[in-house]
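Student: Construct the entire structure; sequences and hints are all you get.
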Amino acid sequence: MRHATLLLTPLLLAAPLGAQGFEGTIAMRLSGGQGESMDATMYTKGDRMAMVVQLPASAGPMAGKEMRSIMNHATGKVTVLLPAVPGMPLPPGSKGMKMTTDMMTGPMAKQGEEADFTARKLGTSQTIAGYSCDDYEVTSAGEVMNICVTDRLGRFTMPGTGMPGRQQPPPAWARAFGDKPMFPLKVWGTSGGSAAEMLVTSVTPGSVPAPMLDDSAEGYVDMSAMMGGGMRRNN
Numbered sequence: 001m002r003h004a005t006l007l008l009t010p011l012l013l014a015a016p017l018g019a020q021g022f023e024g025t026i027a028m029r030l031s032g033g034q035g036e037s038m039d040a041t042m043y044t045k046g047d048r049m050a051m052v053v054q055l056p057a058s059a060g061p062m063a064g065k066e067m068r069s070i071m072n073h074a075t076g077k078v079t080v081l082l083p084a085v086p087g088m089p090l091p092p093g094s095k096g097m098k099m100t101t102d103m104m105t106g107p108m109a110k111q112g113e114e115a116d117f118t119a120r121k122l123g124t125s126q127t128i129a130g131y132s133c134d135d136y137e138v139t140s141a142g143e144v145m146n147i148c149v150t151d152r153l154g155r156f157t158m159p160g161t162g163m164p165g166r167q168q169p170p171p172a173w174a175r176a177f178g179d180k181p182m183f184p185l186k187v188w189g190t191s192g193g194s195a196a197e198m199l200v201t202s203v204t205p206g207s208v209p210a211p212m213l214d215d216s217a218e219g220y221v222d223m224s225a226m227m228g229g230g231m232r233r234n235n
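All residue numbers for the sequence shown refer to my numbering, where the first residue is 1 and numbers rise by one.
Simulated from the structure, these hints should not be mistaken for lab results.
Where hints are given, some of them may not hold.
Here are the computed lysine-lysine pairs in the DSBU-like style, where the Cα-Cα straight-line distance is at most 30 angstroms [to be verified]:
no. : residue 1 : residue 2
1   : LYS186    : LYS95
2   : LYS95     : LYS180
3   : LYS45     : LYS65
4   : LYS45     : LYS180
5   : LYS65     : LYS77
6   : LYS95     : LYS45
7   : LYS95     : LYS121
8   : LYS65     : LYS121
9   : LYS45     : LYS77
10  : LYS180    : LYS65
Tutor: What follows is the structure, encoded as structure tokens:
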């Protein structure tokens, strides 16, 4: 498993197929093996959700910039919106860059491809951000992660990590519960030889503004087209 929370594209997304009854905002803190940490905010409604983060120092010239990822289960697409990279020529007036991938053929499709894992319920529970969760130990390829999950926020999935074009598939533990509505409120342990942690700090049910979940990405340069030999801007 690659460093689960050294994320340059977000990151942890709740699949609305299992969260149809929840609309609101989930705040979390992510930390990785290089001592970096960052705050992330997840917005979920119906068949869409978005994750907004500020990129960490390891992102180089992109450090400190805001990035948004939108998962649309109605279309089966994941759209990542990035600000312009310093020095990269873009059409005048561009808001930034985007990359859209298919959940069935992109990095998410490789999620758990070679995962031979077991999830063992430990019989203990915690209360995190006002929600009760059950502790599990997930083992894959000799690596052990501890996860405290709740069934009140929907199914959990993780898209690929990395900058567009260099994304890596998600870790095996992210598929430990399959399509079940099991959402992790805390993840800790050893992952790929590096400490990793995710901790939900608050859950706020309530209306999510439509623009936050809009994946039309007007004004963003389509990096997917660029990788295919051209560069297209959504007007």
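Student: None of the hints should be skipped; say for each whether it holds.
Tutor: Structure-based check of each hint:
no., hint, result
1, LYS186 x LYS95, "34 angstroms, violated"
2, LYS95 x LYS180, "37 angstroms, violated"
3, LYS45 x LYS65, "25 angstroms, holds"
4, LYS45 x LYS180, "18 angstroms, holds"
5, LYS65 x LYS77, "23 angstroms, holds"
6, LYS95 x LYS45, "25 angstroms, holds"
7, LYS95 x LYS121, "46 angstroms, violated"
8, LYS65 x LYS121, "39 angstroms, violated"
9, LYS45 x LYS77, "16 angstroms, holds"
10, LYS180 x LYS65, "34 angstroms, violated"
The structure shown violates the earlier hints numbered 1, 2, 7, 8, 10.
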